[in-house]
Amino acid sequence: MQHLDPDRLVLLALSEPQDPAEADHLAECPACRQDLDALRHVAELGAEGQDLGRLPAPPERVWLGIEAHLAAAESPAPVRPIRSGRTRPRWLTPVLAAAAAAVLAVAGTVVADRIGQRAPAETVTARATLRPLATVPADANGTVRVLSDGLMRVDVRNLPLTTGFHEVWLIDPDHPTRMIAIGNLADVPDATLPVPPGVDMNRYRLVDISDEPHDGDATHSGRSLLRGTLTS
Amino acid sequence: MDSDDELAERLRDGDEKALRVAYDRHGATVLYLAQRLLGNRADAEDVTQLTFVAAWTGRDGYDPQRGTMLGWLLGIAKRKAVDRLRSAARDQRVAETVRAQVPAPDEAEPPERIIDRLIVADELSRLPTEQRRTLELAFFDDLTHPQIAAVTGLPLGTVKSHIRRGMANLRRRWEVDGAASGSRSARASRAL
Chain A
1 MQHLDPDRLV LLALSEPQDP AEADHLAECP ACRQDLDALR HVAELGAEGQ
51 DLGRLPAPPE RVWLGIEAHL AAAESPAPVR PIRSGRTRPR WLTPVLAAAA
101 AAVLAVAGTV VADRIGQRAP AETVTARATL RPLATVPADA NGTVRVLSDG
151 LMRVDVRNLP LTTGFHEVWL IDPDHPTRMI AIGNLADVPD ATLPVPPGVD
201 MNRYRLVDIS DEPHDGDATH SGRSLLRGTL TS
Chain B
1 MDSDDELAER LRDGDEKALR VAYDRHGATV LYLAQRLLGN RADAEDVTQL
51 TFVAAWTGRD GYDPQRGTML GWLLGIAKRK AVDRLRSAAR DQRVAETVRA
101 QVPAPDEAEP PERIIDRLIV ADELSRLPTE QRRTLELAFF DDLTHPQIAA
151 VTGLPLGTVK SHIRRGMANL RRRWEVDGAA SGSRSARASR AL
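Same order as they appear, the protein sequences are chains A and B. FYI, the working numbering numbers position 201 of the first sequence as 201, with every residue one higher than the one before it. FYI, the working numbering numbers position 137 of the second sequence as 137, with every residue one higher than the one before it.
Warning: the hint list may mix true and false statements.
Claimed, not checked - The following label-pair restraints were derived from C-beta to C-beta distances:
#1 Ser148/A - Arg66/B: 30 to 36 angstroms
#2 Pro20/A - Pro128/B: 51 to 57 angstroms
#3 Arg41/B - Ser221/A: 19 to 25 angstroms
#4 Pro194/A - Ala42/B: 43 to 49 angstroms
#5 Asn158/A - Ser3/B: 30 to 36 angstroms
#6 Asp51/A - Thr57/B: 31 to 37 angstroms
#7 Arg203/A - Gly14/B: 26 to 32 angstroms
#8 Phe165/A - Phe140/B: 43 to 49 angstroms
#9 Ser87/B - Asp200/A: 23 to 29 angstroms
#10 Ala42/B - Pro6/A: 43 to 49 angstroms
#11 Glu122/A - Arg41/B: 42 to 48 angstroms
#12 Gly39/B - Leu151/A: 43 to 49 angstroms
#13 Glu175/B - Asp51/A: 19 to 25 angstroms
#14 Arg41/B - Thr192/A: 51 to 57 angstroms
As the list claims (entries may be wrong) - Some, not all, of what chain B presents toward chain A, calculated at C-beta under 8 angstroms:
#15 Gly27
#16 Asp116
#17 Thr144
Hint data in this document are derived by calculation from the structure and do not stem from the laboratory. Just so it is clear, CB atoms sit at the ideal spot from N, CA and C, and this is done for glycine as well.
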């Protein structure tokens with residue numbers, strides 16, 4: 001039995017009419033029928049795909065979430081409650097604190113006039129090392145220190161230039177669409193920003209520095225530059 | 001443009017930029033599938049996110065010899081979406097909803113069919129321009145071959161040859177990469 005030409009089957013699967021000999025063959029040849037069915041199915045799938053050619057890209061927050069997951073996965077260990085996890089023996093802490101206090105007391109009397117209102121000792125409750133995202137020059141970096149008085153010291157270096165401004169965010173890596181804007185970085189490498197009271201830093205532990213345009217849109221631009229996870 | 005092979009290699013090497021390339025290329029299609037399966041934008045975005053995170057952590061498991069990256073990603077997305085539907089169903093049972101109704105907006109349409117359509121659409125978009133244009137006129141405008149020849153100014157023989165080659169490409173891709181992987185091997189492919 002002479003099978004139908006494969007090329008001919010393709011045309012039949014679209015619009016070309018079958019001639020009587022072809023129809024006869026198809027009626028008695030399961031293999032050709034199966035081929036024709038497969039081709040018709042593909043043509044049908046193709047015809048249904050008219051609106052699929054240019055699907056809209058997902059909003060940038062989806063990518064931000066992916067990045068947040070990856071960043072959280074790369075941090076060495078899950079974040080423990082802030083202040084815990086110190087290696088120093090518990091008994092030593094008051095001793096050291098007392099010694100430090102004594103030194104500060106002495107030093108404080110000497111330099112207090114010069115440093116004015118600046119607190120003589122700041123307690124860092126959490127810190128993060130900021131690393132550049134894949135799209136950012138590799139020499140960009142920074143550090144973040146969260147102080148016990150609710151301030152956050154952000155120190156960044158080699159950020160790419162922006163026509164807008166750089167903004168600091170705290171993100172919950174478990175729910176990456178949840179984020180808190182902390183403030184903008186001025187054109188100085190070292191900024192001190194207040195963390196809004198009541199923010200759970202164990203949850204909002206991913207620090208993100210973004211490049212924001214001056215577009216009046218207060219939400220994250222989706223262009224993250226640096227990321228780092230706060231650890232105690 | 002990186003091929004799937006190159007992209008897979010960069011992924012295996014731990015290059016996060018390669019994941020971004022894959023996302024830029026296929027994120028929209030993954031989101032579309034998730035939205036169709038879950039019927040809810042927020043869940044669909046979540047599943048899209050989970051899909052690419054899973055692709056990253058499971059990047060060693062992708063073998064370009066066995067299918068395209070899009071096919072692989074859509075397979076992951078389908079599993080994630082089905083997991084989500086199941087857990088939603090479980091939550092509803094726990095809540096003792098009188099008439100448990102799983103949010104399956106497209107019950108009439110099996111996921112495999114949606115995936116197959118996405119795969120064929122993707123292949124269509126990759127065809128050489130004239131092949132693609134010719135098939136689009138046949139598929140979307142329902143033109144006969146002589147009409148296509150008239151519209152495009154191409155000789156009828158050229159139109160037919162574009163259609164034949166284009167269809168062969170679509171069918172091959174569907175057989176390699178379509179979602180109905182179970183029945184795929186059973187499908188005879190005598191012609192191609």
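Tested hints:
no.	hint	verdict
1	Ser148/A - Arg66/B: 30 to 36 angstroms	55 angstroms, violated
2	Pro20/A - Pro128/B: 51 to 57 angstroms	35 angstroms, violated
3	Arg41/B - Ser221/A: 19 to 25 angstroms	21 angstroms, holds
4	Pro194/A - Ala42/B: 43 to 49 angstroms	31 angstroms, violated
5	Asn158/A - Ser3/B: 30 to 36 angstroms	34 angstroms, holds
6	Asp51/A - Thr57/B: 31 to 37 angstroms	32 angstroms, holds
7	Arg203/A - Gly14/B: 26 to 32 angstroms	28 angstroms, holds
8	Phe165/A - Phe140/B: 43 to 49 angstroms	46 angstroms, holds
9	Ser87/B - Asp200/A: 23 to 29 angstroms	26 angstroms, holds
10	Ala42/B - Pro6/A: 43 to 49 angstroms	47 angstroms, holds
11	Glu122/A - Arg41/B: 42 to 48 angstroms	44 angstroms, holds
12	Gly39/B - Leu151/A: 43 to 49 angstroms	45 angstroms, holds
13	Glu175/B - Asp51/A: 19 to 25 angstroms	24 angstroms, holds
14	Arg41/B - Thr192/A: 51 to 57 angstroms	39 angstroms, violated
15	Gly27	5 angstroms, holds
16	Asp116	5 angstroms, holds
17	Thr144	5 angstroms, holds
Checked against the numbered hints given earlier, the structure breaks hints 1, 2, 4, 14 and satisfies all the rest.
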